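The listed protein sequences correspond, in order, to chains L and U. First residue of the first sequence? That's 1 in full-length UniProt numbering, and the numbers climb one at a time after it. First residue of the second sequence? That's 1 in full-length UniProt numbering, and the numbers climb one at a time after it.
Don't read these hints as lab results, they were simulated from the structure.
Within a straight-line C-alpha distance of at most 25 Å, the following computed PhoX-like cross-link-like pairs (lysine-lysine) qualify:
hint: 1; chain 1: L; residue 1: Lys103; chain 2: L; residue 2: Lys131
hint: 2; chain 1: U; residue 1: Lys383; chain 2: L; residue 2: Lys337
hint: 3; chain 1: U; residue 1: Lys338; chain 2: L; residue 2: Lys277
hint: 4; chain 1: U; residue 1: Lys41; chain 2: L; residue 2: Lys135
hint: 5; chain 1: L; residue 1: Lys388; chain 2: L; residue 2: Lys298
hint: 6; chain 1: L; residue 1: Lys303; chain 2: L; residue 2: Lys406
hint: 7; chain 1: L; residue 1: Lys355; chain 2: U; residue 2: Lys379
hint: 8; chain 1: U; residue 1: Lys899; chain 2: U; residue 2: Lys294
hint: 9; chain 1: U; residue 1: Lys179; chain 2: L; residue 2: Lys240
hint: 10; chain 1: L; residue 1: Lys277; chain 2: U; residue 2: Lys379
hint: 11; chain 1: U; residue 1: Lys6; chain 2: L; residue 2: Lys135
hint: 12; chain 1: L; residue 1: Lys410; chain 2: L; residue 2: Lys277
hint: 13; chain 1: L; residue 1: Lys135; chain 2: U; residue 2: Lys15
hint: 14; chain 1: L; residue 1: Lys355; chain 2: L; residue 2: Lys277
hint: 15; chain 1: U; residue 1: Lys15; chain 2: L; residue 2: Lys131
hint: 16; chain 1: U; residue 1: Lys41; chain 2: L; residue 2: Lys131
hint: 17; chain 1: U; residue 1: Lys379; chain 2: L; residue 2: Lys413
Keep in mind it's a predicted model, so treat the numbers as computed, not measured.
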Amino acid sequence: MIHSLFLINASGDIFLEKHWKSVVSRSVCDYFFEAQERATEPENVPPVIPTPHHYLISVLRHRIYFVAVIQSEVPPLFVIEFLHRVVDTFQDYFGVCTEAAIKDNVVVVYELLEEMLDNGFPLATESNILKELIKPPTILRTMVNTITGSTNVGEQLPTGQLSVVPWRRTGVKYTNNEAYFDVVEEIDAIIDKSGSTITAEIQGVIDACVKLTGMPDLTLSFMNPRLLDDVSFHPCVRFKRWEAERILSFIPPDGNFRLLSYHVSSQNLVAIPVYVKHNITFREGSSQGRFDLTLGPKQTMGKAVESVLVSSQLPRGVLNTNLNPSQGTYTFDPVTKLLTWDVGKINPQKLPSLKGTMSLQAGASKPDENPTINIQFKIQQMAISGLKVNRLDMYGEKYKPFKGIKYMTKAGKFQVRT
Amino acid sequence: MLDSNKDSLKLEAMKRIVAMIARGKNASDLFPAVVKNVACKNIEVKKLVYVYLVRYAEEQQDLALLSISTFQRGLKDPNQLIRASALRVLSSIRVTIIVPIMMLAIKEAASDMSPYVRKTAAHAIPKLYSLDPEQKDQLIEVIEKLLADKTTLVAGSVVMAFEEVCPERIDLIHKNYRKLCNLLIDVEEWGQVVIINMLTRYARTQFLNPNINESLLEEGGSGEKTFYGSDDEEDEDEEEKEKKAETAAMAKRKPYVMDPDHRLLLRNTKPLLQSRNAAVVMAVAQLYFHLAPKAEVGVIAKALVRLLRSHSEVQYVVLQNVATMTIKRRGMFEPYLKSFYIRSTDPTQIKVLKLEVLTNLANETNISTILREFQTYIKSMDKDFVAATIQAIGRCATNIGEVRDTCLNGLVQLLSNRDELVVAESVVVIKKLLQMQPEKHSDIIKHMAKLTDNIQVPMARASILWLIGEYCEHVPKIAPDVLRKMAKSFTNEEDIVKLQIINLAAKLYLTNSKQTKLLTQYVLNLAKYDQNYDIRDRARFIRQLIVPTEKSGALSKYAKKLFLALKPAPVLESPFKDRDHFQLGSLSHLLNAKAGGYQELPDWPEAAPDPSVRNVEVKESVPEWTKCSSREKRKEKKVEKPFYSDSEGESGPTESADSESDSGSGSESASGSEVSASGSESEESEEGSESEEEEQKDKKKTKKELKKPVQESESEQSSEEEERKHARKSKISKSESESESDEEDESESESSESESEDSESEAEVKKKKKAAESKPPCKPVKKENKKEKKEISLLDLDDFDPTPSPQVTPVNSFLSSSLVTDLEGLSLSDSVLAPATMAPSSALKSYELLHRITGEGLQVEFCFSRQPFSPDANMVAVQMHFTNNASADAKSLHMEDVKLQSGMRVREFPEIELLPAGETATAVMGIDFCDSTQAANFQLCTQTRKFFVSIQPPVGELMRPVFLTENEFKKEQGQLMGMNEITEKLTLDATCRNEHTIVQRVTAAANLSRVPCGSDKECSPPVPPPDHPVYRFAGRTVTSGSLVLVTVVTREEGAAQLTVNCEKMVIGTMLVKDILLALTQ
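In isolation and in its complexed conformation, chain L is listed as follows:
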């Protein structure tokens, strides 16, 4: 399966290598660099690159390429999914997954990789188990370690791997028992020129932060489970009960995890919470273009639209812009031609707008493409699909936990074509 792993930073240096079978020379990465050169954008590097003796499968996260070397047939998604899991684990351990963080913790990284794969086949990828094997570095612990000389490797070997619930470690103890659930929904939409919706769908996740003592068994039920069209679960969720009763029943892992991600059935019309009025024109012959953008709330059920951020990739011919925002700040990068406008909160009484002119390259003909506008926003305390959690019950333990639920709606890939 996975033969070796190389980490390559944005400038093309291999700064970490790990081999699970015999050593593969790092010259194999030359093929990768070749492909990288051919692809103009960093994200255009093909994920699978065949070379005469190996196959390179890479993912790009946090501007680091994780390149796995494969020697024989293996489902490519298997490798890709694993690499992403590695990145997630690093993030979990170090807070960020940057080159610096990895270099600083190179020993921990090595130990982690050693545990995650055996002979190229995934062994322990569950973060709860890994954390028992190798304790994540914290400032406090590093200090203690340097003074006392103790280690950050678990003193006892974990038993979780052997238990029936491999995702939960045993012997968890908290003084405050709490369970928080965040229902976060994202709207993916493409709005066309005239403001009508071409496609819109809602994707949601329920992220949980559970800090409960012992082995609690939770059930979570919804007011309107029919809304959920397509769901994927954390392995802890009992599928049978969901099928039969539409109830989420599970023994939670300890700490943060994603309980469920779902897709809201496409029959339901999606309420689009913002509208955009735009007027972007370039005139033939003149070196000026007009730019006029107004945002407004729509179907928000009385909730405020917050942290609005508009970004747009302007045509190459645009040299500079001279715009005037009614609120917030805007920036234009003349090199990448990226226009961003940090709007903040939309006030329904006074709609935010961005007006002004763009200066074009003199003499060049007018660009024939119109920029698309990407919008990000957040609406607190509302799930746009109307999904509601009914109740959360706990069995198996005696104490009374503190429970909390939060709803939020965000823009996913929200695009307005002009």
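Given the coordinates of chain L, work out where chain U should sit on it, guided by the hints.
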């Protein structure tokens, strides 16, 4: 620091060393110092030492041996985790000397109490295998034992080991199949992926195709069936039989009953579509795609669309697979059309793939929305993507006739686009579209002619010139003018443009020599002194051809025909068209090339193998690794036996190995033999079933002979039907007995008895089926389409005799080809002559097209005459032989309603006006199979009746022989290396070891010609013939003219190696199979 007494110092040192390793620096000179610390008490130091050891042990084998004893001690530790980690490191050290120790450790661990240790043992198996493949047999034993393990922890790992060590031993899975299915949902996610992929392959060998009925109803035209069916001739044959069996049964019974085990697999994998792991979802999706009945495949679409929300790498892989699926099952993804709409923020490679999917999904109903989307895409800033969009529009236009004009207009508008790449791309696409209907669009050609002044992209310029040349009759005024301009700039053009200028000049010269004579001369003169030899050659060739001189040969007469022949319009096809022969989701599928270690997805079996093999599991798995400790001990003892004898025989075990084995071997008992007994038993039953099959074959043969009498009497038929009913009953009772044995834990002897009963009854059923199948229905068929379709499948190919010697040797046919074409031309005009010309073909394999019973007296056979089809060189000549056995005359025999895969063409045979009773007639038709083994379906019509028939070519008939010398052959072969080369080892049949038979068999299997070579006795008698003669054969595929090179190298004792080089890998693979079969039979 490593020598220090303090752990903290040691730790610090080790950390630095590991950091060095991580950066790729060499730390091997520290080896002795590090190894000393392997026994260190501190866990972290120990771990880091392990890391170091695993990395460098291979380089310093001797020193690494020092650490072995520590691990051996670890293997005995009471803590399971220490045992496991010791085994893990021990097996990771790649030192050949310790292979026996590893083997011993694995065997011991495989029967450990702790499932975690057993899991580690499973992981160690592929490690040892890669270190020393010699150990395979012993390892298989261990795998077999571990496969029987009941814990979820072990299942994934052991299947992984199975896949790496012995994927071909599918028989090991039988007993564990149901258990694996049931455990699947609880296995960890990575294991799930591996198990699902393995089970897909397993199911392909063990169950019947659930779609068999549907595909029959669709005239076998639904790609999949025909594709798999055509893999090789024999298979096709069997497939036919299977179909026949199915349909014969279908006539009375309910269509198709899915094996309960097959259903179990589908049911148990479905919930995994909900997994958060994309790889698991993909694995289930491919399982459903390959195994599920059509109606159920739809469930995977939703899950796959969900994956599109994931990281872009995941999207990339998923979209590739979706693209393949959409070609086959368009309906599945249609509801999710909008999910494939493209966002400007997607990376280009994702955009292009989405475009591919959208194009595949386009049909009459949604084309307008899709085109509207495309329109916005054209305005994108990403030019590569715009170019891809234009291509996509072109494909939509070719596929959907209604929008062709709209698309064309849209593309023409794009010609005024400011971006040159866009214009160039549209020119190329327009050229392809225009080729389909050039008459209507001369104004577009004119418009494009004007563009030559502006466009600089060579490909586009070349396309325009070609268009003008090709259709110069439509634009008589402009064409010479364009040529004049081009002649002026000739020297500055790219090579590809220059070639087209020469072409244009030649074509104009032929049509309009008055105006262009001088220009042409000028261009040719310029070309004569060009730097590029292609251009010089072309100029010389054309000059000889078109300019009349006293020497100019016969060819110049045909110059006009040569240049202005009607060219077939190109087919714009999805690049994903033929990818589905790879298992979806696999690396090979993604790359569209076979990756190392890829296991072909087998075809469906012709008849379901005995399902009872999976029953054994019940008793086999009862003594499990449960708490029952006495059982545990017995098992442990069991393991020792094979190990002990092996290690003694093979290599002198080291001291420690000895001491270990002593402990176990003392208490060996009969339990070992128990295992072997049960093993052999199961083998026996397998053997039984095999012999059964053989028996069946015999039966079949006898039945075939019996056939005729059977046909005559209707009363017999009805009695047979009764029998069949009876058979069905017995089947039911069989399944009852099966379930009984499932539930009750019977004693071994009992269940095996019932088993044998099962298989007996099974055999009976099969007999009945065969009987039923060999009996064609006598009653005239009602004119329901459905029924008729069923009937065709009854036409069986096994009627023809495998004619041993085709007398037409390919070389012969090659030499005489021109003669034959002439004759054939005659035969077309006058069908009476035909039999005479076609005389040699009687020795060729003939296939039945229409049985005389089904055809109500009209019998039609066809064969591939292997002679060039004169009206169109790209077509395969099919010779049809009509016999009228009826009492009445058959009138106006002709064909109608030809249904073809895109790109295929048919030249119909001339209508036969009258076929008197008892007479025979022959006709030739041409089919362009487009180098695929897709069937051509059509209706054969007489005055009164219509018969649905289909012709499916064996791959060997898709080529024509070419003559190459040995040197040419080697040169061509050198260019077709790598992925275009397929090599197989084989053992020649005893009857075919001499030169004559080999050549004969190969040429019988494929239409190739022998390449004369040095080893050929005729050519070089003085040279003593080498011991291992090499036979070479060459040919070209009929449609695309790709070279097909076949080499057979013989060695001692009938061993031989077969190599096929072909640009078209599909053809190559299929050909290999065919020839293999021909040579080994």
